[in-house]
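Student: Each chain is listed here by its residues.
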Amino acid sequence: MNSIVPAPIARQPWQMLIPLFALVAFGAAVLFSAAGGHMQPFATSHLFRFAVFLTMASAMTLFQRPLVQFVAYPIYGVVLVLLMAVEAIGAMGGGSQRWLNLGPLVLQPSELMKPAVVLALAHFYQSLPAGMINTWRAIIPAGALIAVPMALVLLQPDLGTSLAIAFGGVVVMFLAGLPMRWFVAGGAVAAVVAPLAFFFGLKEYQQRRVTTFLDPESDPLGSGYHITQSKIAIGSGGFSGKGFNEGSQSHLNYLPEPHTDFVFATMAEEWGLIGGLFVLLVFGLILRWGLKVAHEARDRFSKLLAAGMVATIFFYVAINLMMVMGLAPVVGIPLPFMSHGGSSMMTNMICIGTLMMINRWNRQKRGIVG
Amino acid sequence: MPRRRKPAGPPVNQSTLQNRYDRRSFVVGAMGAGVGTLLATRMAYIAIAENEKYATEAESNRVNLSLIPPRRGWILDRNGAPLASNRADFRIDIIPERMANPVQTIEKLGTLLSLDPGKVQDLKDKVESSRGFQPIEVATGLDYEKFAAITVRVPEMPGVIPQRGFSRFYPTGPSVGHLVGYVGPASAEEYEKDRNPLLVTPGYKIGKDGLEKQFEQELRGVPGARRVEVTASGRIVRDLETREDVQGDAVRLTIDGPLQDYAARRIGLESGSVVVMDCETGELLCMASMPSFDPNSFSDGIGRVEYAMLSQDERVPLRNKVLKGLYPPGSTVKPMVSMALIEAGIDPEETVHCGGGLRVGNRVFGCWNRRGHGSVNMAKGIYQSCDVYFYSMAQRIGMDPIAAMARRCGMGQEFDLPVVSQFYGTVPDPAWKKQKYDRDWAVFDTVNATIGQGYMLANPLQLAVMASRIATGKQVMPQLLTKSKPTIFKPFGFPAEQKQFIRQAMSDVVNGPGTAGRGRLPFPDIKIAGKTGTAQVVSLSISNGKSGPWKYRDHGLFIFFAPFDKPKYAGAVVIEHGGGSGAAYPIARDVMTFLFDPQKGLDALYGLEKQWGGTAQQRLARKYVAFASEAGEAIPPAPTRETEIFDRVDAEARMEAEKPATEASDAAVNRTRNVESDSVGSPE
Numbered sequence: 001m002n003s004i005v006p007a008p009i010a011r012q013p014w015q016m017l018i019p020l021f022a023l024v025a026f027g028a029a030v031l032f033s034a035a036g037g038h039m040q041p042f043a044t045s046h047l048f049r050f051a052v053f054l055t056m057a058s059a060m061t062l063f064q065r066p067l068v069q070f071v072a073y074p075i076y077g078v079v080l081v082l083l084m085a086v087e088a089i090g091a092m093g094g095g096s097q098r099w100l101n102l103g104p105l106v107l108q109p110s111e112l113m114k115p116a117v118v119l120a121l122a123h124f125y126q127s128l129p130a131g132m133i134n135t136w137r138a139i140i141p142a143g144a145l146i147a148v149p150m151a152l153v154l155l156q157p158d159l160g161t162s163l164a165i166a167f168g169g170v171v172v173m174f175l176a177g178l179p180m181r182w183f184v185a186g187g188a189v190a191a192v193v194a195p196l197a198f199f200f201g202l203k204e205y206q207q208r209r210v211t212t213f214l215d216p217e218s219d220p221l222g223s224g225y226h227i228t229q230s231k232i233a234i235g236s237g238g239f240s241g242k243g244f245n246e247g248s249q250s251h252l253n254y255l256p257e258p259h260t261d262f263v264f265a266t267m268a269e270e271w272g273l274i275g276g277l278f279v280l281l282v283f284g285l286i287l288r289w290g291l292k293v294a295h296e297a298r299d300r301f302s303k304l305l306a307a308g309m310v311a312t313i314f315f316y317v318a319i320n321l322m323m324v325m326g327l328a329p330v331v332g333i334p335l336p337f338m339s340h341g342g343s344s345m346m347t348n349m350i351c352i353g354t355l356m357m358i359n360r361w362n363r364q365k366r367g368i369v370g
Numbered sequence: 001m002p003r004r005r006k007p008a009g010p011p012v013n014q015s016t017l018q019n020r021y022d023r024r025s026f027v028v029g030a031m032g033a034g035v036g037t038l039l040a041t042r043m044a045y046i047a048i049a050e051n052e053k054y055a056t057e058a059e060s061n062r063v064n065l066s067l068i069p070p071r072r073g074w075i076l077d078r079n080g081a082p083l084a085s086n087r088a089d090f091r092i093d094i095i096p097e098r099m100a101n102p103v104q105t106i107e108k109l110g111t112l113l114s115l116d117p118g119k120v121q122d123l124k125d126k127v128e129s130s131r132g133f134q135p136i137e138v139a140t141g142l143d144y145e146k147f148a149a150i151t152v153r154v155p156e157m158p159g160v161i162p163q164r165g166f167s168r169f170y171p172t173g174p175s176v177g178h179l180v181g182y183v184g185p186a187s188a189e190e191y192e193k194d195r196n197p198l199l200v201t202p203g204y205k206i207g208k209d210g211l212e213k214q215f216e217q218e219l220r221g222v223p224g225a226r227r228v229e230v231t232a233s234g235r236i237v238r239d240l241e242t243r244e245d246v247q248g249d250a251v252r253l254t255i256d257g258p259l260q261d262y263a264a265r266r267i268g269l270e271s272g273s274v275v276v277m278d279c280e281t282g283e284l285l286c287m288a289s290m291p292s293f294d295p296n297s298f299s300d301g302i303g304r305v306e307y308a309m310l311s312q313d314e315r316v317p318l319r320n321k322v323l324k325g326l327y328p329p330g331s332t333v334k335p336m337v338s339m340a341l342i343e344a345g346i347d348p349e350e351t352v353h354c355g356g357g358l359r360v361g362n363r364v365f366g367c368w369n370r371r372g373h374g375s376v377n378m379a380k381g382i383y384q385s386c387d388v389y390f391y392s393m394a395q396r397i398g399m400d401p402i403a404a405m406a407r408r409c410g411m412g413q414e415f416d417l418p419v420v421s422q423f424y425g426t427v428p429d430p431a432w433k434k435q436k437y438d439r440d441w442a443v444f445d446t447v448n449a450t451i452g453q454g455y456m457l458a459n460p461l462q463l464a465v466m467a468s469r470i471a472t473g474k475q476v477m478p479q480l481l482t483k484s485k486p487t488i489f490k491p492f493g494f495p496a497e498q499k500q501f502i503r504q505a506m507s508d509v510v511n512g513p514g515t516a517g518r519g520r521l522p523f524p525d526i527k528i529a530g531k532t533g534t535a536q537v538v539s540l541s542i543s544n545g546k547s548g549p550w551k552y553r554d555h556g557l558f559i560f561f562a563p564f565d566k567p568k569y570a571g572a573v574v575i576e577h578g579g580g581s582g583a584a585y586p587i588a589r590d591v592m593t594f595l596f597d598p599q600k601g602l603d604a605l606y607g608l609e610k611q612w613g614g615t616a617q618q619r620l621a622r623k624y625v626a627f628a629s630e631a632g633e634a635i636p637p638a639p640t641r642e643t644e645i646f647d648r649v650d651a652e653a654r655m656e657a658e659k660p661a662t663e664a665s666d667a668a669v670n671r672t673r674n675v676e677s678d679s680v681g682s683p684e
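Note that the protein sequences, when read in sequence, are chains H and P.
Counting from 1, one number per residue, gives the positions in the first sequence under our numbering.
Counting from 1, one number per residue, gives the positions in the second sequence under our numbering.
Source of the hints: derived by calculation from the structure; they are not laboratory data.
The model shown is predicted, which means the values in this text are computed figures rather than measured ones.
Some hints here could point you the wrong way.
Estimated spans, in silico, between C-beta atoms of each pair [to be verified]:
1. P:E52 x H:V210: 27 to 37 angstroms
2. P:E192 x H:L100: 55 to 65 angstroms
3. P:S15 x H:L196: 35 to 45 angstroms
Calculated Cβ distances over 12 angstroms to all of chain P for the following chain H residues [what the hints assert, rightly or not]:
4. I18
5. F21
6. V106
7. L163
Which chain H residues face chain P? A few, computed with CB under 8 angstroms, are given here [claimed, not checked]:
8. M84
9. A85
10. N134
11. N253
12. G272
From the three backbone atoms N, C-alpha and C, an ideal C-beta is built for every residue, glycine too.
So here's chain P without its partners, still in its complex pose:
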């Protein structure tokens, strides 16, 4: 509009303004009506067209679906008795991201529940390092008063979740620690892998080790659900409906629960393992490894004091020695070597003169009995454990047939078992040495291997399998789960008289003029057969293997089967640094006694436990209290990832497993003398 026209326009007077007012007020009114129409349309759109969407959202606001952790399936022994069951309890969890003031709330919980300062510190550390959505267990197994004291204060402590639930219970505690494993809240990594909301439900725990981990899916079950009406701040107004959980499936093992507990307790103050299996079916009856941890106390998270105590113990309670303890098998290989000799055509009646040692090349390899065994045939070589007999015979057939027999007997073999991991040791032969050390096999290597020293390493389970296979002459495979129909094992095809011969010689180890006279069973009609073994850990120049520092003492080993004439059970006992086989075979004797007559076995155990100061569980609890009071609060926290706890132990285990092999290459210093535990070979 040109500017000039403005002054030229009509003059403004009252009626112009009145006109303008009328026009403009109409516009204003129309705009108002327009806004009103817009609002009505908008509302109709939200309330009618989008009603379904918003009704759903209002419902999902109002209704909170909370998962009820399923009761975990039981782990049963062969007779249906629980090795792991569930206990109803009151528990308290916290969810860090819902907490207004975590530190203050934890201290308040500490006061209300009278937690000790170490536990309070553990909780604070966990809250700091955790991902906020993961629940952290504060306490389980609370009595009703304490539980109620927390429940009434829930509105003022957001993020604190008291609930009734079930917690895992291991009736025999440490006895099954390594076998069954333990449970714990899922870690962040585990939740990343399996984005199941159940994993971050307070009170839900997954298997962390052993069978609990291996059978996680079977044991888990189906969570229940509870629909509740909640306010915006999370307060529950009322229950709407509840769906019950479905308990996980039970896992039934071949393990004999009482035998497992007995064996674990019988190991006593020693560090070692006992394996017993049914050599007809391959069913494992007992896989005890001690000292151990108490899986009951692990399930609420591993406390700093507990971890410090277990990780500082030189007897490595965190290692499952049945599967991950590797030891030179010592003289326990002699029955196996004998079978190799017979197969290679050596006449068992052919004798060798033992004068206490044998010159091989420019070194003298001693017999454990320095005075010598005189004239030794194969049977005497086994029951008197004469080293010289095997030195000379093995040289005649060479290493390869012996290594082949060792593998047939289960050495170096990895078994198809539902376990997290197993170490399978070494069966050395010339090809192996060439590949591993790029050196040629020497005669002294054969000499060492033939008495189970040098590079040869096996775990106790393999030794038990070897005992089973020698006893039955069949390719027995160990198994841990009950099967509906028994497995038929293929025979090795040993001639019957040969089998008989070895059985007799091994019976003589205990019942005849052998090295384990005190190993006889207290039954007139049941005889046990076996073979002792002593594995040297360091050279004689450091220690004589029987006394001195614990970690320099010899390992004591014993493989056995019973009854000797119709083998039903077979097994192995390995006592770390027990000072010789004398530490091992009395345990085998008592375990087998218990198997045939529990009362007799228990009587023997009660006497020993009185000396030791209680059962394994009691001693562990006492040790914990002593350790905690001595160490006070100056204990570094436990690693936050549960796997690390076992990783560390595994690493040590592997390092130790490597050690004898490297030392053995220096055979001249190390292996010129082989020691047998019974000071004098007098058969008593």
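So that you can see chain H by itself, here it is in the shape it has in the complex:
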């Protein structure tokens, strides 16, 4: 298709990028409203960060597959060391800590671990001989790769992120072809362990979040407040919303965290069901594109890596939206591309960048083959 559009531009995956741009711009508009009708402090930095991380993602596409496979374990190792460092600094400081201050940069290693664990597992199953997939060698090392960072993140304590790490990892294992009965057994074990973990593993505030999720009205002014107010915001938006900058729940501070975890509620109040369906549609387009990239990938590593990245983004979106609509407990997971916050933007753009990179590999191969 030789047309007026230059090849380097025509080559870009516009079927994903255009919805993504629209979503980020929409997110900026919602943040503009959440700041009471100002670009500062949320909307400007949201757009700026997106620009920075989009550049990063574009740069990532230039990496070649052998290099990526080569650095897979080292990257995992470095992030794991960073996680331990956070733990150590936290312990020395006499409290829990999730952040690492590196000069002007504030780094949250647990966020980096989400794509890193997918990368490491994809590489692991790529190098695992096909015949060993039904043996313990297929699961023990992979399980360790997931369990160690999960444990470290749980210590912080950050239940939401550790579940996100586990989810990405488990999806890769599932797609790698491990025997189905292991997942069934794992599910059964989880069903037994979950109540035990709830009573003995979770901190009190985490337990309360779960109990109030089950019955938000039990404590409407305490920890059920978040869910109740979020549902009020979404429900009062109706079909077409109250209008831009007209949301009373967010503007009068009834909605907690209107610019981060509950940005969807802020949006839904002002844009209504139409806005909500738009957001769902855009995420649908982006994730479907991601799955298409995974499907088109020719080798096992690329397939698993791409699918793992899609799973990571999906986990964010699904848990956040379920949380704001009262279908999941409040776990503190932001909505990708809309919530204000650098760490989640970075993680999600790493996922997008990786998918764009694999998309490029797919085209290169086609070019070579065809």
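Use these hints to put chain P onto chain H, whose structure you have.
Tutor: Same frame as chain H, now just chain P:
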């Protein structure tokens, strides 16, 4: 699945894995799509199906309806002048449950408003003992600067509520304290009883005593409402709409405001009460009881210093003496007893020789005049207040006709008045004594009762009613509220000449050769009639009743009506421990003077107030300052329940009311001498 089949299964190779990947990625994608559909459905459900519910909740979040306390109805006197009105003011309230750090905030308020340490301590106590949702008043009547100083700091002091409002104002202060009562914030118990959100609205006060309490529903009015948009932390963003309040209905009394104030002030340094009524209509013109409290300063809560000062005062400023002071009526019953005697067939001209005393059984009952009155007929018995005449005549007819007459005249009667409570005293008779003490009526009981001592007890209102009924011969009933048409009272059916006879004898008490010569009105054409009384409090062996410790002195009483030949006004004055009736009738004289000629009355009052050191309100304020500076902070806090404040006084009142009755049973020691206040019976 049998274990053995596993090794037997086909070997896993790349294409198997590719197949598995394809199948499983389809499953994963389908599950993702399923989750997406679930989310879309859920959102549609919340936003469309439950839209109405959540829109209402968002609205109730956003819009805060705050009640505007209604302006309280005025309490008016018979001429429409306010005894209780409202004053616009700036006020500060606090709601403890909304306060982040109550102690710190109160201290800050104390500094900003320059409150004294006692008040700050009171506030801290109240915050501690209160139920959190009840507003507590910090200050009212603030000037604009102080009000503004608080208003700008509201965001940093949650729970502090500055507002413009109205506060209750009693122009004559202590003069109407007992009659009108006072207002205050509703207590937890009151809120339990009446779950009206108005009761916990900052700035709203309910009647706590007297007429304010009695007419609470009429005076309350309808609250206004203000709809404001508020943030989650309660900051008001903007006003949406305001509905004005509807002021409560006015209550119009028969009380003559200036007369009430005059009488209260005229009581002066004494402790006592003045009742004046229109004896044609039964309308109460004045029900003054002093010393009193200032209802203006009670409405912001009763401070510890104020409470200590009032409760430690032996003159019990917290008791409404008109209704709850019970006194032996003394010789004021003699006109009433005379009517009983005439009705029983005693000839008024029949004489008794008074030699200064009368032997009854083995005891001698003295006349107040030890030298004796010589030959005494009924008229002289009244105007000279000769005890011996009544001792001997009463023995002839017995107690029952006297007790019946006493009841007809209003003694022992509870009147249908809008008051919180009234004590109705005792009219003793043989049946009563048998029932109460299980002892038979003795002759000396009749002798005691016939001069208003012994078991007989009455409150000043009853004495005023007795004066009205004697003056008119009709069953006058007192009333406190103005009525559109005057009540017609049924006559008792006394013969006209008998009525005339008693009126003349009572006129002679003042205007003739009687015991209250100094009680004459300064008008040539208006004459007052009356009867003095002195009620002994302790036996003569303890005190002579005229000097010595205040609480051992005799009560001074006076009942009266005027003009004597065509009675229009009647009343009673009781001065506790005044040392005799000489303390009472000059007050009656001045009050009646004021009624007929205010200027003349006031001239007399100004002279006296100069000696006393100001009006009652001024003296009370000065006393408070002196008391507060002397006592400092070492004062126990006032009781938290307002009712307790009056309960305590009521209990004492009742105890005291019982006392004369028990002492009187020891008549031989106590009642052999009855003292009349004027040292010598010289009619001056």
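Student: Evaluate each hint against the coordinates.
Tutor: Do the hints match the structure? See the list:
1. P:E52 x H:V210: 27 to 37 angstroms: holds (30 angstroms)
2. P:E192 x H:L100: 55 to 65 angstroms: holds (58 angstroms)
3. P:S15 x H:L196: 35 to 45 angstroms: Holds - the Cβ-Cβ distance for S15 of chain P and L196 of chain H, about 41 angstroms, lies within 35 to 45 angstroms.
4. I18: holds (19 angstroms)
5. F21: The claim holds: F21 of chain H sits with its nearest Cβ about 21 angstroms from chain P, beyond 12 angstroms.
6. V106: holds (29 angstroms)
7. L163: holds (15 angstroms)
8. M84: violated (32 angstroms)
9. A85: Result: violated, 34 angstroms to nearest chain P Cβ.
10. N134: holds (6 angstroms)
11. N253: holds (4 angstroms)
12. G272: holds (6 angstroms)
Consistency note: the structure conflicts with the earlier hints numbered 8 and 9.
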